[in-house]
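Since chain U is already given, all that's left is putting chain H on it; use the hints.
If you're matching them up, the sequences are chains U and H in order. First residue of the first sequence? That's 3 in our numbering, and the numbers climb one at a time after it. First residue of the second sequence? That's 3 in our numbering, and the numbers climb one at a time after it.
A portion of the hints provided could be inaccurate.
Any copy will do: because identical chains look the same in the list, a pair fits if it lies in one copy or spans two.
Listed below are the simulated SDA-like cross-link pairs for lysine to any residue, each with C-alpha atoms no more than 20 Å apart in a straight line [stated by the list, open to error]:
no.	residue 1	residue 2
1	LYS298	ALA205
2	LYS101	ASN75
3	LYS272	ASP82
4	LYS68	HIS84
5	LYS68	GLY42
6	LYS256	ASN288
7	LYS168	GLU245
8	LYS213	GLU313
9	LYS272	GLY76
10	LYS272	PHE106
11	LYS298	SER45
12	LYS254	VAL8
13	LYS254	ASP283
14	LYS256	GLN291
15	LYS309	GLU331
16	LYS254	ILE281
17	LYS254	GLN291
18	LYS104	ASN75
19	LYS104	LEU330
Worth flagging that the hints you see were computed from the coordinates, not collected in a lab.
There are 2 protein chains.
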Amino acid sequence: MRISYVELCQTFESILSQFGFDEEGAKLSATLFAKASLDGVASHGLNRFPTYLKFVQEGHIDPRAKPESLWSNGFFERFDGHFGPGNLNAHFAMEKAIKMAKNFGMGAVALRQTNHWMRAGNYGWQAVEAGCIGICFSNTIPNMPAWGGSQPLLGNNPLVIAVPRKAGPLVLDMAMSQFAYGKMQAYARAGQEMPFEAGFDEAGNLTKDPKTIIDRHLALPIGLWKGAGLSLMLDVLAALLSEGQAAYQVGKRKKETGLSQFFLCFYLPKLGLDFSDEILDGLIDNFSQTEVFDDKEVRYPGEGTLKTRKENLEKGVPVDPEIWQQVLELSKG
Amino acid sequence: MRISYVELCQTFESILSQFGFDEEGAKLSATLFAKASLDGVASHGLNRFPTYLKFVQEGHIDPRAKPESLWSNGFFERFDGHFGPGNLNAHFAMEKAIKMAKNFGMGAVALRQTNHWMRAGNYGWQAVEAGCIGICFSNTIPNMPAWGGSQPLLGNNPLVIAVPRKAGPLVLDMAMSQFAYGKMQAYARAGQEMPFEAGFDEAGNLTKDPKTIIDRHLALPIGLWKGAGLSLMLDVLAALLSEGQAAYQVGKRKKETGLSQFFLCFYLPKLGLDFSDEILDGLIDNFSQTEVFDDKEVRYPGEGTLKTRKENLEKGVPVDPEIWQQVLELSKG
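Bound-form chain U, shown alone (with noise of 0.2 Å):
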């Protein structure tokens, strides 16, 4: 089933407006809604939105709060969230940075007490659309062992490295577990493993059975002990640099709020750089070539993207019909 844009952006924009949200924010929350799933993402685009409207009824997110500033010096800047909206946070942060960068080729915004910012490659998207590198990331809720642990201790703090580029940007966006739990939910109702070790069963063995592994919250860190190392220092600059919440202090809240949040954007033209895309092109074109294994094909970060991006355009955004159902209910009032 297939929903136009437009109409994900309108629906979502009418229901926000009835959950408390201001005109503005309704319409930039259900705009980076819809975005998710036009690119593909509906992880974190409709599937998600029940969640965040719950999180609302519930107290956790403030629909009208406003990021305030703390503290500034021009190009490093630092904001408390105030519990509002995730994911309008983070747009108005990675904004900041943005606009630092393009006064001073490089600033940096820190942000705490803020909401979960639901499909990380958007603010990812929001640099580069503004001919920026953004880097961005978050802490959550623990989620996966340290090395060695036998219980959820570190977040999967997603990362975002975006690089703007005019025949198609880089937009990294990972967490820091192998597999999302939602991807690892969906293997569990089809019955099936996941293709790769995925998390730690009850004896602490690498395990591709995705029910043993989201029943403890056991998920596998990228790279074992070197991405349980890397979890651990995202959240420490994210929590050092907003003065905000580490991971271990949002699990202590039992639902997923405060979170501190980094984001760090270059502008290239004003840092002594020429702006074309002679490097990167050369990178690029580089990188497709390489020789791949049988039916095997490789892409960069982001790569896919544009493409699915047209394609939902054309012919309409992919959504769960029981989901859009269950949507387009709240959406009578």
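Coordinates of chain H only, in the frame set by chain U:
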């Protein structure tokens, strides 16, 4: 066999002086090599020293070249390393980033046309010893495939994230490959399999057999497609921000030289932040108290280093007798 840290330093220094290093360069490079071995990273300390000298002899490393500033705005500076010694250039770059961070809260250095920086962690320790958060990464010669690729295309691009803490800093020092080639060679010599999947065989399947992997230079990126993507993005950032070579261009030279690197520092007191260790100590306390699987323990990045350093300062630094003999003979001129 153990050698005193002082003797290591002096021996390295006297050899480097014979190889054309000036007094200051010989002393610092010797210290950086000795520190790597002192901290338990002999692979990029003593054991790497002969290769470093060979690069000097072959003209890939110019022992007296100094970094040249190409552009600066006071908190972002770009340098050409002029193919100087990679460890000296990296130390210089991190020192600049520290100084800018101490002035403005945040400081960045992009470095092009440099050489292998040897032990990456040294520059993380350098930052934390100056009271700064330090982040740095380098590209390398291609030594891992892209996801789906059957030839080395990506560097294993080491990444360092270091955060100061009185009770023991956090220093993450990780390459983007699951295992270092040096480690795989050691397993191959011992006729052993790697403890976890470590690369690809000739059909593109994951394998633990080190010899198969080494033969084709098909080391496994951490987290499969995820580490491959992250490696590419670190390469892109280093090359773009320094206007230097990307990994694929380094690969065309055949020798690992002309690398691109990036260094970023934060100094919290100049970012309006209190410098107490309260957040970090709470986080590490919580980390250390996590439940573990039988016989396992958890360690934060860098946790073992201070202990190893203390022990090796007291008892002497462990050295491979054969390599040490080889180096001693060089020191006789």
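Here's how the hints hold up against the structure:
1. LYS298 to ALA205: between (35 Å within a copy, 11 Å between copies)
2. LYS101 to ASN75: Both, since 13 Å and 17 Å are each at most 20 Å.
3. LYS272 to ASP82: between (28 Å within a copy, 19 Å between copies)
4. LYS68 to HIS84: For LYS68 and HIS84, the Cα distance is within 20 Å only inside one copy (7 Å; across copies 49 Å).
5. LYS68 to GLY42: neither (29 Å within a copy, 49 Å between copies)
6. LYS256 to ASN288: between (47 Å within a copy, 16 Å between copies)
7. LYS168 to GLU245: between (37 Å within a copy, 18 Å between copies)
8. LYS213 to GLU313: Answer is neither; intra-copy 34 Å and inter-copy 45 Å both fail.
9. LYS272 to GLY76: Classified as both; 15 Å inside a copy, 13 Å across copies.
10. LYS272 to PHE106: Both: 6 Å inside a copy, 18 Å across copies.
11. LYS298 to SER45: neither (25 Å within a copy, 35 Å between copies)
12. LYS254 to VAL8: Neither, since 40 Å and 48 Å both go past 20 Å.
13. LYS254 to ASP283: between (47 Å within a copy, 17 Å between copies)
14. LYS256 to GLN291: between (48 Å within a copy, 19 Å between copies)
15. LYS309 to GLU331: neither (31 Å within a copy, 62 Å between copies)
16. LYS254 to ILE281: between (46 Å within a copy, 15 Å between copies)
17. LYS254 to GLN291: For LYS254 and GLN291, only the inter-copy Cα distance (14 Å) is at most 20 Å; the intra-copy one is 49 Å.
18. LYS104 to ASN75: For LYS104 and ASN75, both the intra-copy (15 Å) and inter-copy (13 Å) Cα distances are at most 20 Å.
19. LYS104 to LEU330: Neither, since 41 Å and 54 Å both go past 20 Å.
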